[in-house]
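Turn these sequences into a full structure, and let the hints steer you where they fit.
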Amino acid sequence: MVDTLDQSVGAIVEALFSEGMLENSVVLFMSDNGAPPFGAHSNRGFNWPLRGAKGGLWEGSTRVSSFLWSPFLLKKRRVSQQMVHVIDWLPTLTTRLVRRLFSNKILISSC
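In this note's numbering, each number is its position in the sequence shown, counted from 1, plus 10.
Derived by calculation from the structure, the hints in this document are not laboratory data.
In this text the structure is predicted, and so the values were computed from the model without any measurement.
Treat each hint with caution, since some may be false.
[Claimed, not checked] Using C-beta positions, here's what the derived DEER-type ranges look like:
| id | residue 1 | residue 2 | range |
| --- | --- | --- | --- |
| 1 | Gly30 | Leu107 | 15 to 23 Å |
| 2 | Thr72 | Val12 | 14 to 22 Å |
| 3 | Glu33 | Ile97 | 35 to 43 Å |
| 4 | Gln17 | Phe56 | 15 to 23 Å |
Using N, Cα and C, we set each Cβ at its ideal position, and we do this for glycine too.
In structure tokens:
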């Protein structure tokens, strides 16, 4: 699964690069919950060493990884152990983006 994720993100980054869009991009990956304890077609996960699974209240159901890459980042290659919630991303990114857009007079194009 991690290999497939790596290939998929690589394909997106390559497409952005080949279109000349990578230098103005923000790549964000995040998950919404831990692995499911059971599933069809052997589609189940394992959250060891954390306790719990998808749908639960233990750390194994709520603690997931995420990453952010952008040429706009001031501190690069940093690992943080702090808790972040999905609602933190939008205000953080828009505050930084709006500041940069207005300072350089870059227009946002619709996707």
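**Prompt:** Checked against the structure, which of the hints given earlier come out wrong?
**Reply:** 3
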